[in-house]
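Here the protein sequences come in this chain order: F and B.
For the first sequence, position 109 matches number 109 in my numbering, and the numbering has no gaps at all.
Offset between the second sequence (1-based) and my numbering: plus 158.
Rather than coming from a laboratory, the hints here were simulated on the basis of the structure.
The structure presented is a predicted model; accordingly, all values stated were derived computationally and were not measured.
Even for Gly, the Cβ is constructed at its ideal location relative to N, Cα and C.
Watch out, some of these pointers could steer you wrong.
Stated by the list, open to error - No more than 27 Å apart at the CA atoms, straight line, and that leaves these computed lysine-lysine pairs for DSS-like:
no., chain 1, residue 1, chain 2, residue 2
1, F, 157, F, 118
2, F, 143, F, 157
3, B, 246, B, 213
4, B, 240, F, 118
5, F, 3, B, 213
6, F, 118, F, 143
7, B, 246, B, 420
8, B, 240, B, 213
9, F, 118, B, 321
10, B, 246, F, 118
Said to hold, decoys possible - One side only, chain F facing chain B, incomplete, derived with CB under 10 Å:
no., residue
11, 54
12, 101
13, 115
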Amino acid sequence: MAKHHIEATVNGDAVEFLCETEDTLLDVLRDTLHLTGSKEGCASGDCGACSVMLEGRLVCACLVLGCEIGGCRVETIEGMATGETLHPLQRKFLEHAALQCGICTPGFLVASRALLEKNPNPTETEIRYWLAGNLCRCTGYDKIVSAVQDAAVALRKA
Amino acid sequence: MKPALMRYEAPETVEGAVALLAGASGEARVLAGGTDLLVQMRADVVDPALIVDIKRIAETRRVTEERGGWRIGAAVTGAELKEHPRLKQEWPGVVEAANLIGSTQIQGRATLGGNLCNGSPAADSVPALVAAGAVATLAGPQGRRDLAVEDVMLAPRTLALRKGEIVLSFVLPPRPPRSSDAYLRFIPRTEMDIAVVGAGVSLTVDEAGTITAARVSLGAVAPRVLLVPEAAEAIVGSRLDRAAQDRLEAAARAACRPIDDKRGTTEFRIEVAGVLARRAALIALDRARTR
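The shape of chain F in the complex, shown without the other chains (with noise of 0.2 Å):
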């Protein structure tokens, strides 16, 4: 059987693509589309590394087949800044050394900035809760949720 043809939106641009019916969303973004900001880490929907949005909805890149998206607006991390201007939640993502291995970053980045879309002061449980789908090893959260609150401010007073 001949491979999908798939025709999408990503970040804005049009973009089509071939790919097998196994092959994830992450995959085509990754190895087809080179855009490499979204990670793999678990592949199974634990650690939501790979999360983008999907029709305007956060899912983890790793549980959608590539050939699922016909049709779709898909957003990646590499749509987050403005040319060279970060996105807020970026920029203090960097103040708060809110990173330290950086394989989950893109995936929190992602994952905040559609919280905070949704609900723009939300309580520090909320974060918790929002970014329980997101794994870090490295930095115990804390200086994490410490970025999304300072984002949260600068971005309600923008």
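Chain B: place on chain F using the hints.
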């Protein structure tokens, strides 16, 4: 020789999906949210020759009012259920159960149809649907039929669906005044784990606060989710006073036939089933009184 390639189809009609599944010669799987199927494919637990994605069939993706109740598409996600403006008021137990499945990311994909058809006795949304008296609408080569949710799963990974049949949607019945529901589960942490025990209770009270109707269900304490009529009978006619709570606990425990594994011993599961049934009933009662 290269292994056979996996075929993927995303039909837009029910008939198209049924024809594909009915005509499949090898292993065929229905894809809804994919949060179980893709993990199982990755772990080589399943290797289907055909995947039929049902999300492009409109009626699997919508929530509609129907004859005073609700019809929920099998591929509606947990996140969508939570955001629905009225469902949570009428069926808080169903919505909270669906929202206990996995992380925010999983909620964006996971569905009621998938949670049921994955065939796990520990599925969180299933006891809530069973307590709610939900009916699954199936479509197959012989047409459509309705099946009570408690009758869809027969044993772990074994469903009552015939070849070519899919779960299209669920019907939640009309809600009388002063009715509500609740679902509780025990896990050893606060988030994102598989239920060691789950309990769902749906009930209606009269103006005096006496329970006039109830359904009680238990998850993860038997090879499939149990509807426990004896537990419901134990509280109907009462105001859930301490004696009725004791009868409810005893009836719930008597229905349990749990496994003994690293997540919970048989004795622990039986004990907790009684506690959760009682607590879920108290929450449902409190909600029903204020509706």
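Each hint tested on the structure:
1. Under the criterion of a C-alpha separation no larger than 27 Å, the hint pairing residue 157 of chain F with residue 118 of chain F is consistent with the structure, at around 16 Å.
2. A distance of roughly 21 Å separates the Cα atoms of residue 143 of chain F and residue 157 of chain F; the hinted pair therefore holds under the 27 Å criterion.
3. For the given pair, residue 246 of chain B sits about 23 Å from residue 213 of chain B by alpha-carbon distance, which is consistent with the 27 Å threshold.
4. Distance hint between residue 240 of chain B and residue 118 of chain F is fulfilled; the C-alpha atoms sit about 13 Å from each other, no more than 27 Å.
5. A threshold of 27 Å between alpha carbons decides the hint, and for residue 3 of chain F with residue 213 of chain B the separation of about 21 Å falls inside it, so the pair holds.
6. Of the supplied pair hints, the one linking residue 118 of chain F and residue 143 of chain F holds, its CA atoms being roughly 21 Å apart against a limit of 27 Å.
7. At most 27 Å may separate the alpha-carbon atoms for a hinted pair to count; residue 246 of chain B and residue 420 of chain B exceed this at roughly 34 Å.
8. The suggested pairing of residue 240 of chain B with residue 213 of chain B holds, with an alpha-carbon distance near 19 Å, which does not exceed 27 Å.
9. Restraint check for residue 118 of chain F and residue 321 of chain B: not satisfied, since their Cα atoms lie roughly 42 Å apart, outside the 27 Å limit.
10. For the given pair, residue 246 of chain B sits about 18 Å from residue 118 of chain F by alpha-carbon distance, which is consistent with the 27 Å threshold.
11. Of the supplied interface hints, the one on residue 54 of chain F holds, with its beta-carbon coming within about 7 Å of a beta-carbon of chain B, less than 10 Å.
12. The closest approach between the C-beta of residue 101 of chain F and any C-beta of chain B is roughly 21 Å, which is over the 10 Å cut-off, so the hint fails.
13. Restraint check, residue 115 of chain F versus chain B: the minimum CB separation of about 8 Å is within 10 Å; hint holds.
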